[in-house]
Amino acid sequence: MSRAPAATLRAELIGLTGVVERNLYLTKRYFLWEVAFFFWTVANTLTIVFIAKGVEASGGQIDVNRQATILLVGGVIWSFLGIIFEILTETVAWERWEGTIEYTFMAPLSRIVHLGGMGVFAVLYGVIRSALLFGVIAFFFDLEMPSADFVSALVVLGVASISFIGLGMMTAVLPLISPEKGSQLGFIGQGMLLVVSGIYYPVDVLPAAMQWLAKISPATYALDGIRNAILEGDGLSKMGDEILPLAIIGLVSIPAGMLVFRWGERYAKRHGKLKRSG
Amino acid sequence: MFDNEVLVNDVPPLGSAPRSAVIVKDLRKEFRKKRKLGKPARRSIALHDVSFTIARGECVAILGQNGSGKSTLIRLLSTLLLNDGGSATVFGYDVFSETKPVRRLVNRVSVEASFFKKMSAGENLSYAARFYGMTARITRREIPEILAKVGFPADRRNEAMENLSRGMQQKVALARALLTSPVLLLLDEPTTGLDPRSKLEVQDFIREVRKEHDATILLCTHDLAEAEVLSDRIGILDAGRLLVLEPAEDLKRRYNAQTLEEAFFAATGKEFEHEEEADVDE
Numbered sequence: 001m002s003r004a005p006a007a008t009l010r011a012e013l014i015g016l017t018g019v020v021e022r023n024l025y026l027t028k029r030y031f032l033w034e035v036a037f038f039f040w041t042v043a044n045t046l047t048i049v050f051i052a053k054g055v056e057a058s059g060g061q062i063d064v065n066r067q068a069t070i071l072l073v074g075g076v077i078w079s080f081l082g083i084i085f086e087i088l089t090e091t092v093a094w095e096r097w098e099g100t101i102e103y104t105f106m107a108p109l110s111r112i113v114h115l116g117g118m119g120v121f122a123v124l125y126g127v128i129r130s131a132l133l134f135g136v137i138a139f140f141f142d143l144e145m146p147s148a149d150f151v152s153a154l155v156v157l158g159v160a161s162i163s164f165i166g167l168g169m170m171t172a173v174l175p176l177i178s179p180e181k182g183s184q185l186g187f188i189g190q191g192m193l194l195v196v197s198g199i200y201y202p203v204d205v206l207p208a209a210m211q212w213l214a215k216i217s218p219a220t221y222a223l224d225g226i227r228n229a230i231l232e233g234d235g236l237s238k239m240g241d242e243i244l245p246l247a248i249i250g251l252v253s254i255p256a257g258m259l260v261f262r263w264g265e266r267y268a269k270r271h272g273k274l275k276r277s278g
Numbered sequence: 001m002f003d004n005e006v007l008v009n010d011v012p013p014l015g016s017a018p019r020s021a022v023i024v025k026d027l028r029k030e031f032r033k034k035r036k037l038g039k040p041a042r043r044s045i046a047l048h049d050v051s052f053t054i055a056r057g058e059c060v061a062i063l064g065q066n067g068s069g070k071s072t073l074i075r076l077l078s079t080l081l082l083n084d085g086g087s088a089t090v091f092g093y094d095v096f097s098e099t100k101p102v103r104r105l106v107n108r109v110s111v112e113a114s115f116f117k118k119m120s121a122g123e124n125l126s127y128a129a130r131f132y133g134m135t136a137r138i139t140r141r142e143i144p145e146i147l148a149k150v151g152f153p154a155d156r157r158n159e160a161m162e163n164l165s166r167g168m169q170q171k172v173a174l175a176r177a178l179l180t181s182p183v184l185l186l187l188d189e190p191t192t193g194l195d196p197r198s199k200l201e202v203q204d205f206i207r208e209v210r211k212e213h214d215a216t217i218l219l220c221t222h223d224l225a226e227a228e229v230l231s232d233r234i235g236i237l238d239a240g241r242l243l244v245l246e247p248a249e250d251l252k253r254r255y256n257a258q259t260l261e262e263a264f265f266a267a268t269g270k271e272f273e274h275e276e277e278a279d280v281d282e
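Chains as they are written, first to last, in this note's numbering: chain A, 1 to 278; chain B, 1 to 282.
For reference, chain B alone in the conformation it holds in the complex:
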């Protein structure tokens, strides 16, 4: 279903792609915050020399409080921000200087579904797919298939997005990301605000995508259980610093904790913010 006819000749075939999907080395990002007239702008460091790698096909979850730098990390890897130091590569391509091949390999689902609200799910997916080189002939076949796969009712395909529930919108967001067959999927709190049933459906779908389509996943989440069941390794990001990145069991063992929440507290000295308190950082 994902075998679209996108002609991506400047992207390496997956077989010859590097073993590491993502290599982040000493990545640094700071923002300048305006102050009153005459006073110099205040610098705020969002990411502090962060380093990690993600192997091809791996799912890595990043936990962190609001403002810890999770969204900044995702936006850097999405080519939406420029770094202030360090480097990042996606399948061997430099994220900051080789944006085009990186963009062909990456897609993203964020906490806000983000669609043209007057347009329907079908229309939103259709034009977005064109940006990835997919023709009308392909999308006519694939959009209904992928919407059915994420559990979106066929009879609501032409309804304006603004009339859909948050859960429905998030399913369309997932469909939009997967329609372009990304080999690296960046998920920024994809289930935040969803009802438990929608949350489970989205999580099942993420699992399936990973299993069937060899996708590499970077997941930023406020849901500890979600991080534990979906990911191979879990990282803790605190005030822009990546404190640790290892399998959940190793993490608990390292901090002598029974649960991930206890491990998070031990690592950061801060209580973990659950979903209802969550917000997007930066």
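Chain A on its own, in the form it takes in the complex:
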């Protein structure tokens, strides 16, 4: 590699560490918020996993341990997805609120590196938080997962994260083009994924049109893969049906996310929306 591209790449990588560094500072400074938010997620997930016990208590014939694990995986992936979307959407919304948006967007940092840095932090933070959440709930229900292959589950989550980041980039643009309502609009995308991806039920129960949407949702394949790894102990060699679609969606969603964000940034620059609130 000649000196100029190498230097540019180096500067970009330093910039990426800056994005991660900033988010680490914010996590540290808002630590009590993080604790309170984690407790809320634990409570939320508990209420969902308790459904398995509830069905048995009301006379249903189910394997409680298996059903609770299925719901737990759904709850954890839903929370993971929520973190990725939230952090990427904050790329614009939080900066606008703090007033730093103009300084960040006029810095010589490629947008792909800027958003990629947010994605890297979101995945790191999301994985740690999801692992904690999984551990706490599994301990609470004394769940048994004798054949679980956690490494394969983590690899599936890693591959799925690329698609989640791509989708997050698309929702990150919403506060850029609509400062007042953009963040809320992001919840629509998130909600759609919740309904169609089989977070708490098999996608077969959905109407045909929704099943088609499930086919293009990366969360569907992530959930299938992770559930198979944890419940059946499937290794990566058996995960082709999940990893291949996830990789394809990831390859499409990142450039598509960048394209959408670039369009949004251009629109914001044209209409004077790239500025702080108030």
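One should not assume that every hint holds.
[Said to hold, decoys possible] Pairwise CB distance ranges, derived in the manner of DEER restraints:
1. B:H213 - A:K215: 56 to 62 Å
2. B:L200 - A:V136: 53 to 59 Å
3. B:L243 - A:R270: 25 to 31 Å
4. A:A208 - B:D49: 57 to 63 Å
5. B:E98 - A:L185: 28 to 34 Å
6. B:P40 - A:K215: 41 to 47 Å
7. A:G158 - B:R137: 26 to 32 Å
8. B:H213 - A:S277: 31 to 37 Å
9. A:R10 - B:P153: 32 to 38 Å
10. A:V136 - B:G85: 58 to 64 Å
11. B:S51 - A:S277: 28 to 34 Å
[Stated by the list, open to error] DMTMM-like mimics (lysine to aspartate or glutamate), calculated; alpha carbons at most 20 Å apart, straight line:
12. A:K275 - B:E30
13. B:K33 - A:E265
14. B:K149 - B:E201
15. B:K25 - B:E58
16. B:K33 - A:E180
17. B:K118 - A:E98
18. B:K211 - B:E228
19. A:K275 - B:D84
20. B:K117 - A:E90
21. B:K117 - A:E21
22. B:K118 - A:E90
23. B:K117 - A:E34
24. A:K28 - B:E162
Derived from the structure by calculation, the hints contain no laboratory data.
All C-beta atoms in this analysis are idealised placements derived from N, C-alpha and C, irrespective of residue type, glycine included.
Dock chain B against the given chain A, drawing on the hints supplied.
Using the frame of chain A, we list chain B on its own:
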């Protein structure tokens, strides 16, 4: 102190850079303002075919009332807005199509200090410097130095920004801009709202930066005295039109005025708004 190790190979070395730091030609910007449902959006022209040049190392001040287009001009040159006509270059780079090299050359201090308020001065400067390619090894050395230089007390470096006075925050904003060694510094009312002592300290620092680091400065201000003492030339921007741009003495002579305030009145037919009435336009 500003010799950071940022590797900026697509930026020309200053020695070969064009003589003019900034060339603005017929620059035009308009905004569409929403109206009630069914009615077409109203167009508002923020900048009206503005043209000027700033020589390398020069300090130019722009005076204007609220809504005159000062902040729009600064935001256009900061690559935060797209133009609707005309052109602007910074050291030969097109501001609207070659944003990356322009961004490496420019930094800015605005009327609002704009920081992550829970984070400390050190943390805010540290992550911002990374965006300009500065490593942790460099910032560990340079952040304390530059904060000391702007008169920021060392014992408050780790305190959350929200606990600092406005004057202190503005000093950190100045430090943030200078940490990246910009060759073009855009100052949008950098001393507005500061107490007289902080104001003088910031002005001294701006003078020093210009003298020692060959920085070119575009200053938008509501402080006539500040414009007069800091700048080589003064421009009057009125309703998006640049009426005049020349040294303060020539300006006064042109309008047969004793003071800049009188010259401003003669040029625009409007009283100059002093700081307490000031606001950011657009």
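Going through the hints against the structure:
1. Between H213 of chain B and K215 of chain A, the C-beta spacing of about 59 Å keeps the proposed range 56 to 62 Å intact.
2. Look at L200 of chain B against V136 of chain A: about 57 Å separates their beta carbons, and that is inside 53 to 59 Å.
3. In this structure the supplied range 25 to 31 Å holds for L243 of chain B paired with R270 of chain A, their Cβ-Cβ distance being about 27 Å.
4. The hinted range of 57 to 63 Å is satisfied by A208 of chain A and D49 of chain B, whose Cβ atoms lie roughly 59 Å apart.
5. As the Cβ distance of E98 of chain B to L185 of chain A is approximately 33 Å, the hint placing it in 28 to 34 Å holds.
6. Between P40 of chain B and K215 of chain A the CB atoms are about 43 Å apart, so this pair conforms to the stated range of 41 to 47 Å.
7. G158 of chain A and R137 of chain B have their C-beta atoms about 31 Å apart, which keeps the hinted 26 to 32 Å range intact.
8. Between H213 of chain B and S277 of chain A, the C-beta spacing of about 33 Å keeps the proposed range 31 to 37 Å intact.
9. For R10 of chain A and P153 of chain B, the Cβ-Cβ distance of about 34 Å falls inside the hinted range of 32 to 38 Å, so the restraint holds.
10. Evaluation of the 58 to 64 Å hint for V136 of chain A and G85 of chain B yields a pass: the beta carbon distance comes to about 59 Å.
11. The hint said 28 to 34 Å for the Cβ distance between S51 of chain B and S277 of chain A, and at roughly 33 Å that hint holds.
12. For the hint pairing K275 of chain A with E30 of chain B, the CA-to-CA distance comes to about 16 Å; that is within 20 Å, so the pair holds.
13. Pair hint K33 of chain B plus E265 of chain A holds up; C-alpha atoms about 19 Å apart against a cutoff of 20 Å.
14. The hinted pair formed by K149 of chain B and E201 of chain B meets the criterion: a straight-line CA distance of about 10 Å does not exceed 20 Å.
15. For the hint linking K25 of chain B to E58 of chain B, the alpha-carbon distance of about 18 Å falls within 20 Å, and the restraint holds.
16. Using a Cα cut-off of 20 Å, the hinted pair K33 of chain B and E180 of chain A holds, with the two alpha carbons roughly 16 Å apart.
17. About 10 Å separates the Cα atoms of K118 of chain B and E98 of chain A, which keeps this hinted pair within 20 Å; it holds.
18. Of the supplied pair hints, the one linking K211 of chain B and E228 of chain B holds, its CA atoms being roughly 17 Å apart against a limit of 20 Å.
19. In summary, the hint linking K275 of chain A to D84 of chain B is supported, as the alpha carbons are separated by about 18 Å, within the 20 Å threshold.
20. Annotation: proposed proximity of K117 of chain B to E90 of chain A holds, straight-line Cα distance about 16 Å (limit 20 Å).
21. At most 20 Å may separate the alpha-carbon atoms for a hinted pair to count; K117 of chain B and E21 of chain A meet this at roughly 16 Å.
22. The straight-line distance between the Cα atoms of K118 of chain B and E90 of chain A is roughly 16 Å, inside the 20 Å bound, and the hint therefore holds.
23. Distance check on the hinted pair: K117 of chain B and E34 of chain A sit about 17 Å apart at the alpha-carbon level, within 20 Å; holds.
24. Our distance criterion of 20 Å between C-alpha atoms is met by K28 of chain A and E162 of chain B, whose separation comes to about 16 Å.
The structure fails none of the hints (numbered hints given earlier).
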